[in-house]
Structure formats: C-alpha cells, structure tokens
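Asks: Work the whole structure out from these sequences, hints included.
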Amino acid sequence: MPSSIQGTPVPRLLLAAPSSGSGKTTVVCALLQALKDRGLLPAAFKSGPDYIDPMFHRRVLDTPSYNLDLFLFGRHEPGAAAARETLLRHGAAADVAILEGAMGYYDGVGTGSEASAYELAAATDTPVVLVVDGRGAGLSLAAVLQGMAAFRVDSHVVGFIINRIKPMVYEHFKGAWEKASGLKALGCFPDMPDCTFSSRHLGLVTADEITDLQGKMAALAAQAEKTIAIDELLACARQAAPLTGSGSPAFHPDPGRAVLAIARDEAFCFYYEDSLQVLQQAGADLVFFSPLHDGEL
Numbered sequence: 004m005p006s007s008i009q010g011t012p013v014p015r016l017l018l019a020a021p022s023s024g025s026g027k028t029t030v031v032c033a034l035l036q037a038l039k040d041r042g043l044l045p046a047a048f049k050s051g052p053d054y055i056d057p058m059f060h061r062r063v064l065d066t067p068s069y070n071l072d073l074f075l076f077g078r079h080e081p082g083a084a085a086a087r088e089t090l091l092r093h094g095a096a097a098d099v100a101i102l103e104g105a106m107g108y109y110d111g112v113g114t115g116s117e118a119s120a121y122e123l124a125a126a127t128d129t130p131v132v133l134v135v136d137g138r139g140a141g142l143s144l145a146a147v148l149q150g151m152a153a154f155r156v157d158s159h160v161v162g163f164i165i166n167r168i169k170p171m172v173y174e175h176f177k178g179a180w181e182k183a184s185g186l187k188a189l190g191c192f193p194d195m196p197d198c199t200f201s202s203r204h205l206g207l208v209t210a211d212e213i214t215d216l217q218g219k220m221a222a223l224a225a226q227a228e229k230t231i232a233i234d235e236l237l238a239c240a241r242q243a244a245p246l247t248g249s250g251s252p253a254f255h256p257d258p259g260r261a262v263l264a265i266a267r268d269e270a271f272c273f274y275y276e277d278s279l280q281v282l283q284q285a286g287a288d289l290v291f292f293s294p295l296h297d298g299e300l
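Residue numbers (our numbering): 4 to 300.
No lab work stands behind these hints: they were computed from the structure.
Keeping only pairs whose Cα atoms sit at most 20 Å apart, straight-line, the calculated PhoX-like set for lysine-lysine is:
(1) Lys-177 with Lys-229
(2) Lys-229 with Lys-169
(3) Lys-229 with Lys-39
(4) Lys-187 with Lys-169
(5) Lys-177 with Lys-187
(6) Lys-219 with Lys-229
(7) Lys-39 with Lys-219
(8) Lys-229 with Lys-187
Replies: See below:
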C-alpha cells in the first residue's frame with residue numbers, strides 16, 4: 004500500500020468566473036506561461052468534464068493537465084476525497100497548482116451547485132480568484148464581486164482579476180471595487196484581439212487548430228507580468244491549507260501486461276490524462292495511433 008502523506012503543502016488557486024465567456028482560459032494560460040517563464044514549475048487542473056481547456060494547459064506547460072471531476076469521481080465525500088488525492092498526486096511536486104473553473108462558479112448539475120467549481124474549491128479547500136469581464140461597467144462590478152463572494156458563506160473567494168479592461172480604468176476603480184466587495188484586487192487584463200482563442204458550440208477550438216499559439220502565449224504572459232499581481236497571487240496560493248492523503252493510486256498492478264491501442268490525433272483527442280495513467284499503472288502498455296494519418300496499427 005502507498006505510504007500516507009500527511010499535511011503536504013500544495014500552494015494552489017482556483018480561477019473561476021460568474022459565467023462562461025469571461026476569459027478564464029486566456030487568463031489561466033497567460034498566468035501559467037508567465038510562471039513558467041519565471042522558472043517556476045506550475046501544475047494545471049480543470050474542474051469538471053472538459054477536454055479542450057486542458058489541451059491549452061498542456062501546450063503551455065508541455066506536461067499533462069488533470070481533470071478534477073466531482074461528478075465522475077463520485078458524489079459527496081468519496082468524490083471529494085478522490086479530488087484531493089488527484090490534486091495531491093499531481094500537484095505536490097509543483098511550485099503552484101492552478102485550477103481552472105468551468106462555466107459559472109456555482110453552476111453544477113441541474114439547477115444546483117453539485118459538482119461545480121464552488122464545490123471543488125470546498126472539497127479541496129482552495130482559495131478562489133474571480134475572473135470578471137469588465138467591459139461596459141464601472142462600480143457595478145463591485146455588486147457582481149460582492150454577490151459572488153457572499154452567495155455562500157464558504158465561497159473561498161479571496162480576490163479578483165478584471166478582464167477585458169484598460170489598465171487605467173482598472174486603476175481608477177480598483178479601490179472602490181475592493182472597498183465595496185471586501186476582496187483583494189489582483190490585477191487586470193486588457194482586451195488583446197490578436198491573442199484571442201476562437202469558440203464554437205462546444206467551447207474553444209482545440210489548441211492544435213490555432214496558428215502561432217506559442218507566439219500568442221508569449222504575448223499573453225508578457226501582459227500578465229505587466230498588469231496581473233503575480234507575486235500576490237502566489238502569496239494567496241501559499242496560504243492554502245496543506246492537503247492530507249496518500250498521493251498515490253491505491254491498487255496493485257496486474258502482473259500480466261496488456262497492450263492497448265489508443266486512437267490519438269486531431270480528431271481523437273478527448274481523453275482524461277488520469278484515465279490513461281491508471282491503465283499504465285495497472286500494467287497496460289499504451290500504444291497510440293492515428294486513424295487520420297496511419298495506414299495500419
């Protein structure tokens with residue numbers, strides 16, 4: 004059995020938003036690239052059953068991004084424990100773990116918050132920073148920020164980043180937003196049309212479909228260094244409580260080896276990284292092939 008890891012520090016933040024389309028993925032990728040450019044080792048995670056955003060995380064970090072899915076992990080405490088184990092297993096060796104929310108912060112199964120980013124923050128005791136679209140609003144954003152933070156007493160919301168706003172406008176309203184909401188202002192991000200990620204009905208287009216993605220990431224990271232309070236974000240992340248758990252999958256691999264052929268290319272790319280790793284840990288050899296480009300297995 005794996006040895007227990009008691010109280011392992013895992014500096015971490017969850018970036019969430021009031022709704023989809025607020026620019027979470029852009030800000031998360033900018034932050035990941037900026038951290039990497041600083042020589043730090045970030046780890047990336049995604050709340051819920053999303054495959055596309057982790058592809059962007061992987062392209063930034065050149066390492067896998069992991070899903071923390073409270074619906075597939077299991078309801079209530081078993082699922083929460085699985086989320087903590089996954090976060091511990093893949094985040095303990097990193098300098099900071101960045102979790103990206105899905106949809107609106109409180110949006111879960113049906114009309115409730117089950118399996119939402121909010122429940123993930125509660126399950127993993129992770130500080131939350133809101134990414135809020137700042138277009139066409141001034142002091143009214145304070146009402147959004149205050150409402151999001153106060154909607155649940157255990158919201159875990161500690162600060163905010165205002166997206167798609169001019170830095171001079173951010174500086175003008177920053178103090179008023181902080182005073183009215185009681186939250187920490189952690190920077191802003193201006194509208195950068197040349198660095199946007201296109202969307203379609205299932206969300207963003209995949210990372211491989213975007214031309215000059217690395218150039219866009221470099222520009223986003225450079226902007227993040229200018230207008231996002233990265234040092235303060237890291238300080239918030241380091242205030243997260245230690246995680247307790249084994250940090251390892253609790254099963255014994257089968258001594259027999261199975262070879263599994265797995266389709267993986269531009270068309271076949273929706274996989275959970277943990278699903279593939281569990282197969283390997285259980286004793287399988289994974290062989291990837293492309294139905295689009297390969298003539299035979």
